[in-house]
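Visitor: Each chain, written out:
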Amino acid sequence: MKILVPVKRLVDYNVKIRVKADGSGVELNNVKMSMNPFDEISVEQAIRLKEAGQAEEIVVVSIGPQKSQETIRTALAMGADRGILVQTDDFVEPLAVAKIIKAIAEQEKPELILLGKQAIDDDSNQTGQMLAAMLAWPQGTFAYNLEYANDKWIVTREIDGGLQTVELDVPAVVTVDLRLNEPRYASLPNIMKAKKKPIDEKTPADYGIDISPRLKVLNTAEPPHREAGVIVDSVAELVDKLKNEAGVI
Amino acid sequence: MTTLLVAEHNNEILNTATNKALTAALELENDVHVLIAGHNCRQVAEQASKLSGAAKVLMADAPHLANHLAKEMAALVTSLMPNYKAVMSTATTTAKNFMPRVAAMLDVAQISEIISVKAPDTFERPIYAGNAIQTVQSTDSKLVITVRTTAFASAEEGGSAEIEDVVVPDPIGISSFVKEELSKSDRPELVAAKIVISGGRGMQSGDNFQMLDSIADKLGAAVGASRAAVDAGFVPNDYQVGQTGKVVAPELYIAVGISGAIQHLAGMKDSKVIVAINKDEEAPIFQVADYGLVADLFDAVPELDKELDKLS
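Heads up: the sequence lines are chains A and B, in that order. Each residue of the first sequence is one higher than the one before, starting from 0 at the first, in numbering that gives the first Met the number 0. Each residue of the second sequence is one higher than the one before, starting from 0 at the first, in numbering that gives the first Met the number 0.
None of these hints come from the bench; they were simulated from the model. Some clues are possibly wrong.
Unchecked claim - With a straight-line cut-off of 30 Å between C-alpha atoms, the simulated DSS-like cross-links for lysine-lysine are:
| id | chain 1 | residue 1 | chain 2 | residue 2 |
| --- | --- | --- | --- | --- |
| 1 | B | Lys268 | A | Lys19 |
| 2 | B | Lys141 | A | Lys240 |
| 3 | A | Lys19 | A | Lys108 |
| 4 | A | Lys15 | B | Lys278 |
| 5 | A | Lys108 | A | Lys201 |
The whole structure should be built from the sequences, with the hints applied where relevant.
Guide: Okay, here's the thing in structure tokens:
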């Protein structure tokens with residue numbers, strides 16, 4: 000069994016982002032970049048499936064600038080087998096990302112594509128679902144648990160009301176949520192080994208995909224600022240203010 | 000041209016998030032048809048027909064739509080789209096599951112979690128956990144939009160739209176529903192509650208959440224949690240408020256033992272009044288709180304409970 004794992008390089012989740020004053024976007028220069036945290040969880044899950052003897056090969060894909068190679072290397076150091084970098088300096092929307100991954104899936108023929116449920120830069124939460132639609136594969140989004148049994152993927156999903164379990168034919172697309180696993184850190188020997196693992200370099204044009212954006216970004220602004228209020232001295236004062244000043248209880 | 004609004008419901012009750020999404024849909028300056036897709040869901044269609052502003056209610060009733068599986072929902076919605084310029088739904092886990100599938104089948108972009116309508120093709124949406132607001136304009140022939148419902152007022156009742164049955168495509172199969180384990184609670188839903196009280200890592204255990212339950216019952220509030228509290232196993236996942244959990248904007252949000260990570264603030268900073276109770280005066284939550292109380296929650300929360308008794 001083969002697992003395809005798309006990963007995205009983006010601003011590290013600990014960085015407080017800065018909106019450019021001219022409204023043209025978010026400052027990405029000289030900012031620490033990392034793998035999307037949800038993608039780390041999908042890489043980890045793929046490795047666990049391999050360690051459990053349920054998968055033979057893990058192929059990692061990243062679409063983005065040349066430096067996305069570092070993100071692929073991180074996944075290889077965690078335990079993935081090889082990488083594909085689809086190099087472009089342009090902003091690629093989820094629709095185009097899904098088209099590129101679809102083209103790769105048609106060549107690689109994986110039994111499972113594991114993705115993060117959303118990237119924490121654009122917060123779109125679209126790529127996995129779009130990919131499943133384009134491939135006409137079943138999907139299990141927001142995975143909390145993932146098992147393979149009787150030739151099916153059994154996915155327990157985090158939903159608004161609690162948990163939902165669905166059974167998917169193979170091949171399938173699964174997007175992962177926070178609590179599926181805790182990703183490992185790569186060990187130094189594995190980081191060294193990862194440097195020898197192969198990474199294919201491609202471009203969107205190699206797959207014949209038009210990545211021109213469908214959305215025009217007109218402006219990027221700071222959100223309205225919320226001022227800190229007052230510190231109260233006691234619970235009694237708090238209740239009094241909530242009742243008589245704010246009028247919310 | 001007309002907008003199709005896909006309603007959120009459980010085959011019995013129309014989720015009030017739909018009423019808010021309708022307000023957003025009406026700002027596109029088109030007629031809005033509300034789609035109720037499910038099984039044995041006529042009562043939901045009747046509820047939707049009363050929404051003021053809904054020009055028509057479409058009902059798609061079939062066994063394979065009962066659980067709103069993504070591929071079946073997407074096939075249905077896509078089959079209706081030749082008649083519509085835009086399709087909208089709530090940014091709930093149900094719609095987040097099928098709406099991008101619809102967008103892909105139409106070969107258009109999806110615009111996720113809009114917080115305002117600037118023009119019928121131009122919208123504001125949060126990025127980077129709400130730390131930036133992007134204004135985007137669609138260049139596609141059709142619009143696929145999910146709505147962050149806390150950003151819109153609820154549509155009033157008072158309408159009487161006609162209900163029309165629609166043809167449902169045959170089931171696709173390839174995936175099937177196994178089971179659901181839903182949290183049972185008599186309290187209001189987290190996203191719809193007027194008051195929310197949430198606990199964080201500082202709560203130290205799931206048992207200690209009973210202190211918040213007691214206050215919630217007195218205030219008619221819902222109980223939420225930070226990611227740290229959910230990850231620690233204190234409470235189930237559906238309690239989580241934050242960037243990747245639920246986004247809430249109640250009249251009053253009480254954060255107890257929550258430090259205020261960016262990811263948590265993303266889910267609650269649009270609340271009207273925010274109260275923070277934390278023993279660490281440096282906690283970032285105090286920077287967004289209207290009222291802060293620097294205290295040990297194990298002293299403050301029982302005291303709050305008693306003070307609320309005095310009010311009634």
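Visitor: Against this structure, judge whether each hint is valid.
Guide: Verification of the hints:
no., hint, verdict
1, B/Lys268 with A/Lys19, "holds, 22 Å"
2, B/Lys141 with A/Lys240, "violated, 49 Å"
3, A/Lys19 with A/Lys108, "violated, 42 Å"
4, A/Lys15 with B/Lys278, "holds, 24 Å"
5, A/Lys108 with A/Lys201, "holds, 18 Å"
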